[in-house]
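Engineer: These protein sequence lines map, in sequence, to chains A and B.
Per my numbering, the very first residue in the first sequence carries number 147; after that it's consecutive.
Per my numbering, the very first residue in the second sequence carries number -4; after that it's consecutive.
Don't read these hints as lab results, they were simulated from the structure.
There's no promise every hint is true.
[Said to hold, decoys possible] The calculated DSSO-like cross-link candidates involving lysine-lysine, where the alpha carbons are at most 30 Å apart (straight line), are:
#1 B:K8 to B:K63
#2 B:K8 to A:K567
#3 A:K256 to A:K212
#4 B:K124 to A:K556
#5 A:K569 to A:K264
#6 B:K(-3) to A:K569
#7 A:K355 to B:K124
#8 A:K354 to A:K325
#9 A:K545 to B:K49
#10 A:K556 to A:K325
#11 A:K411 to A:K481
#12 B:K63 to A:K556
#13 B:K63 to A:K567
#14 B:K8 to A:K545
#15 A:K200 to A:K436
#16 B:K63 to A:K589
#17 A:K264 to B:K(-3)
#18 A:K556 to B:K8
[Said to hold, decoys possible] Which chain B residues face chain A? A few, computed with CB under 10 Å, are given here:
#19 M(-4)
#20 F4
#21 I5
#22 S9
#23 A32
#24 D36
#25 R41
#26 R55
#27 F59
#28 V61
#29 R111
[What the hints assert, rightly or not] Computed, partial: chain B to chain A, Cβ under 8 Å:
#30 Q0
#31 S2
#32 E6
#33 L12
#34 S16
#35 N46
#36 E65
#37 Q89
#38 Y94
#39 Y96
Idealized CB from N, CA, C, for every residue including glycine.
What follows is each chain in one-letter form.
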Amino acid sequence: MHSESNLSTMSAHQFIWNSNAECMPREQIERLQLERLLQTLQLVSGNVPCYQNKFKDCGFQPGDLKSLDDIQDLPFTTKEDLRLNYPYGMFAVPMSDVVRIHSSSGTTGKPTVVGYTKQDISTWTELVARFMTAAGVTREDIVHIAFGYGLFTGAFGLHYGSEAIGASVIPISGGNTDKQIMIMQDYRSSALVCTPSYGLTIADRLEKKGIDPASLALRVGLFGAEPWSEQMRYELEGRLGIIATDNYGLSEIMGPGVAGDCLFKCGMHLAEDHFVFEIIDPDTGKVLPKGSRGELVITSLTKQAFPMIRYRTRDITRIHYDACECGRTLARMDKTSGRTDDMLIIKGVNVFPTQIEEVLLQIEGCQPHYQLIVDRVNNMDQLEVQVEVNEHIFFDEMKRQRQFVTEAEKRLATVLGVSAKVKLVEPSSIVRHEGKACRVIDKRKQ
Amino acid sequence: MKVEQISVFIENKSGRLAEVSGVLGEANVNIRALSLADTSDFGILRLIVDNSEKALSVLRDRHFTVNKTEVIGVEVPDSPGGLSSILRILDNNQINVEYMYAFVERSGSNAVIIFRFDNVDQAIAVLLKNGVNIIDGEKITSI
């Protein structure tokens, strides 16, 4: 891979955005974390009723925190807490200080709403600039952002980071692959930002059109918003002739910028000066020894509008604390290797089976058995919802039967934010295990 | 006047139609007329049988999704323009045909067409007023 051969000749520090923060000695990181954690606890216990109640329930007062390890005494925050406090209940500042709202899908009908102050946006910008620089992006680059601009955090995060670096941003947004390719050719895009599966879609289309990727100016890809494998990295690098880097984030915490690859690609460096990261046993909630694989739990240290205390990400990973050749002292997380809940990521969008259930229940008379079939066809995720017919949703007229299907598809697309095909199947055709239907078949993993 | 029709949901996979007719055959239910509307994923099979209640119960027992609908059987002159004259009557009276299909057997010298209307009673009234013969529900299964 050309990335390796280039590395020996480059100065590692050339690709560090903020060496004061990213190469801080370990003790100093931990001191800073403790100091900032205390401030955050003061902020939430003064302003967020949900935390006031949680702390009261477990008899905790911000002053009780003497060391970083004491964070284990704090209660967790879950997606359910965000749902109960929808939309603005978890905000720690008045709305007059909030300059931006983003949201992602919730586990049921309602989305999760997050807010940013001016300062939060600037922190976000800084953290994205860090991982983009770590991936080798400079002010010379033309950054092609093929994430959808909207309530989703991905596009805006990368947009701000690119501008901070001084790169030129093409905010093309998602979709229309032919146009994306034309712009890559004509505008000389050098850094590609999208989901890894969309990266492969672009590679497919290039092949189909007989365009040699080497004729493009592309040299680096910043892929995120969905889990992907090392195998996919090799494929993206080989087929697009680029360095493919991973980055991690979630809107509840901030969006992209929580962690990102350096050019050594040996785990994503965590922004430890802005967050505390723990790995817990998802069943017992106990913090696991360093280096263990388990559920990632994140506490924000500098966020103003939407601070999070011990947020359970439901992502499974492992954190490495050994030194990285790039010179950063920040610990690194593995690619996420699964979820502790049943959330699916389809075309970069979070989808929960319960959302689908709710939509189906809303359609009159419909309390059907259903199953989600997720597949990747031509590198694009596809969601099929199989619904067992029953006499309430079966009509002798084809017109009404098709209306039912179209209506269900329309509602699903609205609620999920991703299109789904509804397929009616005969009763009892969905396989049940001990009477319980298996809700999801994810063929992408096979 | 009205005829009871049963409809069956059928997934578009091999052997399903054979299974429906098999279940009915075993139960000694005779199929008098049928039509199949289909998409790439599924089909709706509509049947007129000699014993709807029995057909419904044996199909339900075998986990088929079934429904009952009222349709009417209309006698149509078995000659060129026969169907057209009846459709014109319906059209002139703003009555929509949801779907229709033909009976295999004839009633005397006439063909028999099964009609599904949104508003059955209104359709019956219009047809009768225009002298169209509607076959009795009891009689139709014994044609």
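Engineer: Would you mind confirming whether the straight-line C-alpha gap from K411 (chain A) to K481 (chain A) stays at or under 30 Å?
Structural biologist: holds, 10 Å
Engineer: Tell me if S16 (chain B) is really an interface residue toward chain A, meaning its C-beta lies closer than 8 Å to one of theirs.
Structural biologist: At 16 Å from the nearest chain A Cβ, S16 (chain B) fails the 8 Å test, so the hint is violated.
Engineer: Need the status of pair K355 (chain A), K124 (chain B): alpha-carbon distance at most 30 Å?
Structural biologist: Not satisfied, since the Cα-Cα distance of roughly 66 Å exceeds 30 Å.
Engineer: Keeping to a limit of 30 Å between CA atoms, is the pair of K63 (chain B) and K589 (chain A) held or broken?
Structural biologist: Measuring from Cα to Cα gives roughly 38 Å; hence the hint is violated.
Engineer: Take the C-alpha atoms of K124 (chain B) and K556 (chain A), compute the straight-line distance between them, and say whether it is at most 30 Å.
Structural biologist: violated, 44 Å
Engineer: With a cut-off of 10 Å on the beta carbons, see whether R111 (chain B) makes it to chain A.
Structural biologist: holds, 7 Å
Engineer: Was the hint right that R55 (chain B) lines chain A, CB cutoff 10 Å?
Structural biologist: Since chain A brings a Cβ to about 9 Å from R55 (chain B), closer than 10 Å, the hint holds.
Engineer: Answer holds if the nearest beta-carbon of chain A is closer than 8 Å to that of E65 (chain B); otherwise answer violated.
Structural biologist: Status violated, d = 10 Å.
Engineer: Straight-line Cα separation of K256 (chain A) and K212 (chain A) no greater than 30 Å?
Structural biologist: violated, 38 Å
Engineer: Taking the least C-beta to C-beta distance, is S9 (chain B) closer than 10 Å to chain A?
Structural biologist: violated, 13 Å
Engineer: Under the criterion that the straight-line Cα-Cα distance not exceed 30 Å, is the pair K63 (chain B), K556 (chain A) satisfied?
Structural biologist: Holds, at roughly 28 Å.
Engineer: With a cut-off of 10 Å, does the beta carbon of V61 (chain B) approach a beta carbon of chain A closely enough for the hint to hold?
Structural biologist: Constraint on V61 (chain B) satisfied, holds at 7 Å.
Comparing the model with each numbered hint stated earlier shows that hints 3, 4, 5, 6, 7, 16, 17, 19, 22, 33, 34, 35, 36, 37, 39 do not hold.
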